[in-house]
Amino acid sequence: MEKNRHILKDALQHLQNFSPKQGAWEEIQKDLSEAPLKEAVSKLKSISPPEQIWDAISDEKAKQEKLSQLKTYTPDAEIWDQIDKSLNADAKKKSFIRTFRITSWAAAAAMLILMGCFLIIQSKQTGNISYSFEIVETENVNLWQNDDSEIMEALKEICTSNPLVCETPGFKQKQKELRFLNEQKDRILQNLNSYEKNKQLEITLTKIELEKNDLVKAMISEIL
Amino acid sequence: MKKAIHKITSAYLLLTILSIGLACAQTTVQVITKTFDGEKAWTGGMRLELNSENAEIHCEAYTGKTIQYEVQFVAKHPEKNRAEADLKKMKWISGKQGKTLFIRNYIELSQNDTRPESNLKAIYHIKIPESCPLTINNYFGEIIVKNTRNTLNIKSEFATITLSNISGNIELESKFGDISGTALEGTIKIISNRSDIDFTNISGLIDIEASVAKISLEQIHDLTRLNITAKKSEISLTSGNDYRYILGLEKADFKKPDWMKLDSPQQNDVAQKSNFIAHPQYPIIDIKLTVGTFQIK
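Top line first, the protein sequences correspond to chains A and B. With numbering that gives the first Met the number 0, letter number 57 in the first sequence gets 56, and the count goes up by one each step, no holes. With numbering that gives the first Met the number 0, letter number 156 in the second sequence gets 155, and the count goes up by one each step, no holes.
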């Protein structure tokens with residue numbers, strides 16, 4: 000901390016003020032701007048531009064001179080209207096072209112989408128699935144199995160009591176045919192379905208039953 | 000005793016058929032149909048082989064040069080979900096091996112799959128070039144073939160066969176599936192096991208082996224030879240007197256037509272013959288029948 004602060008403050012208040020002359024500041028300003036500029040310019044390299052640049056400058060100058068010599072005209076209001084209309088027409092034309100282009104692109108895109116859909120539909124058609132319903136008469140196919148086992152058991156019992164007859168070639172042949180018919184009947188029964196009326200298979204089953212019937216009768220006749 | 004057995008068995012049969020008739024009831028089933036189609040270019044020598052089951056096959060030859068097909072898989076069940084699940088078990092493949100185009104459908108069951116409850120059926124509509132040889136193997140269903148001009152080979156069980164306007168080398172083997180045909184011409188070989196045969200307008204070299212069948216041939220013409228070997232069958236021919244007949248009939252009912260004159264038995268003859276002496280140039284009809292009936296109209 001300054002010990003004699005108040006003494007110093009009093010001394011500064013008693014000092015005199017000085018202002019330089021007006022010309023002094025201008026001289027200083029002039030010296031400050033000219034001296035660095037001269038120094039910089041002296042350091043610049045001198046470059047000679049090509050001839051064609053001078054030609055271009057010359058042409059531009061001549062053009063400017065000729066333009067300045069042209070007369071000026073003020074057109075009628077109608078001309079400005081026509082110009083305005085033509086400008087609008089151009090704008091409309093451009094707008095039409097733009098619209099046409101957009102429409103074309105849209106149409107092309109739509110065509111592509113449609114073709115894509117068509118191809119997808121085509122490919123799906125190769126494995127196309129459709130649904131419908133039918134009213135059918137269901138049948139209890141198990142009824143065809145009736146009493147087959149009983150007949151075979153009965154024949155077995157008869158053969159037990161008359162073994163000699165059952166060993167004859169004729170009887171064995173009939174047994175073989177009966178077995179064949181039973182096997183074929185089973186194959187048909189496995190393919191019969193309650194939800195499809197298969198007339199032809201049922202006719203075949205009937206024929207098999209009739210043939211079996213004839214065979215069984217013939218076998219019983221041989222035994223008795 | 001025999002009369003009693005006859006009555007019992009007849010009553011049993013009648014009751015069975017009646018009870019089946021009475022057991023009918025109506026219900027609504029959902030029908031789901033999946034359709035595939037395709038077309039393959041055909042070149043000479045290429046043949047089509049179709050292996051199917053539970054299929055209704057419609058095949059027609061045409062003048063075009065491509066094999067065209069449409070396949071429908073149909074599942075029917077009262078529950079839609081069940082029908083959809085069962086339909087997925089029905090598979091089909093097609094491919095070419097050498098000069099053969101294969102088409103096959105089958106039911107695929109994985110380890111835990113149960114047998115389909117739905118009624119499953121395949122329906123084929125096929126068009127082939129006239130000269131395309133055709134082989135069909137089908138179990139259960141129906142086969143309809145029209146207009147083919149080359150080899151036709153069909154092997155089927157429990158499937159009816161209907162042919163029309165067929166020429167060429169025809170081989171059919173059918174078990175429990177009736178065969179009918181009209182306008183058949185060429186070399187025709189048929190093996191029938193409990194399959195009735197009904198042909199109209201037939202010509203060429205015909206060879207039939209049949210067991211337990213009704214055989215009817217009408218409008219026979221331009222015959223090279225007809226051989227029928229059958230047992231437990233009923234044979235009916237509309238053939239007339241313009242043929243040489245060899246009749247080897249055993250336990251068969253045959254009423255000789257008035258116009259038929261049997262030749263005097265020659266040495267080593269085991270069958271009756273007709274027109275062999277008078278008309279040795281006539282084509283031969285050779286019938287061997289064991290148990291059954293034979294009729295010439």
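Simulated from the structure, these hints should not be mistaken for laboratory data. Treat each hint with caution, since some may be false.
[As the list claims (entries may be wrong)] Cβ-to-Cβ under 8 Å is the rule here; a few derived chain A residues that face chain B:
hint : residue
1    : N127
2    : S131
3    : F132
4    : I134
5    : E136
6    : Y194
[To be verified] These stretches of chain B come out as covered by chain A in the derived footprint (C-beta under 8 Å, 3 or more residues):
hint : stretch
7    : 74 to 84
8    : 232 to 244
[Unchecked claim] The calculated lysine to aspartate or glutamate pairs, modelled on DMTMM-like cross-linking and capped at a C-alpha distance of 20 Å, are:
hint : chain 1 : residue 1 : chain 2 : residue 2
9    : A       : K198      : B       : E69
10   : B       : K231      : A       : E176
11   : B       : K154      : B       : D197
12   : A       : K196      : B       : E249
13   : A       : K173      : B       : E249
14   : B       : K230      : A       : D213
15   : B       : K88       : A       : E195
16   : A       : K196      : B       : E141
17   : B       : K231      : A       : E208
18   : B       : K213      : A       : E195
19   : B       : K174      : A       : E201
20   : B       : K213      : A       : E59
21   : A       : K206      : B       : E249
22   : B       : K250      : A       : E210
23   : B       : K250      : A       : D9
24   : B       : K174      : A       : E182
25   : A       : K206      : B       : E233
Ideal Cβ placement from N, Cα and C applies to all residues, glycine included.
Structure-based check of each hint:
1. N127: holds, 5 Å
2. S131: holds, 5 Å
3. F132: Hint holds; F132 (chain A) Cβ to chain B Cβ min 5 Å, cut 8 Å.
4. I134: holds, 5 Å
5. E136: Given a least distance of 5 Å, the restraint on E136 (chain A) holds.
6. Y194: Hint holds; Y194 (chain A) Cβ to chain B Cβ min 5 Å, cut 8 Å.
7. 74 to 84: Contact hint for the stretch 74 to 84 of chain B vs chain A: holds, 4 residues under 8 Å.
8. 232 to 244: The restraint on the stretch 232 to 244 of chain B is violated, since only 0 of its residues have a Cβ under 8 Å from chain A and three are required.
9. A:K198 with B:E69: violated, 25 Å
10. B:K231 with A:E176: Answer holds: K231 (chain B) to E176 (chain A) is near 13 Å, not above 20 Å.
11. B:K154 with B:D197: holds, 17 Å
12. A:K196 with B:E249: violated, 39 Å
13. A:K173 with B:E249: holds, 18 Å
14. B:K230 with A:D213: Given pair K230 (chain B), D213 (chain A) holds - Cα atoms ~15 Å apart, limit 20 Å.
15. B:K88 with A:E195: holds, 18 Å
16. A:K196 with B:E141: Between K196 (chain A) and E141 (chain B) the Cα gap is close to 14 Å, so the pair holds against 20 Å.
17. B:K231 with A:E208: Holds, at about 16 Å.
18. B:K213 with A:E195: violated, 27 Å
19. B:K174 with A:E201: holds, 15 Å
20. B:K213 with A:E59: With Cα atoms ~117 Å apart, K213 (chain B) and E59 (chain A) exceed 20 Å; violated.
21. A:K206 with B:E249: It is violated: about 23 Å lies between the C-alpha atoms, which goes past 20 Å.
22. B:K250 with A:E210: Holds, at roughly 18 Å.
23. B:K250 with A:D9: Distance ~168 Å between K250 (chain B) and D9 (chain A) Cα, so the pair is violated.
24. B:K174 with A:E182: Cα-Cα ~13 Å, so holds.
25. A:K206 with B:E233: The given pair, whose Cα atoms are some 14 Å apart, holds under the 20 Å limit.
The structure shown violates the earlier hints numbered 8, 9, 12, 18, 20, 21 and 23.
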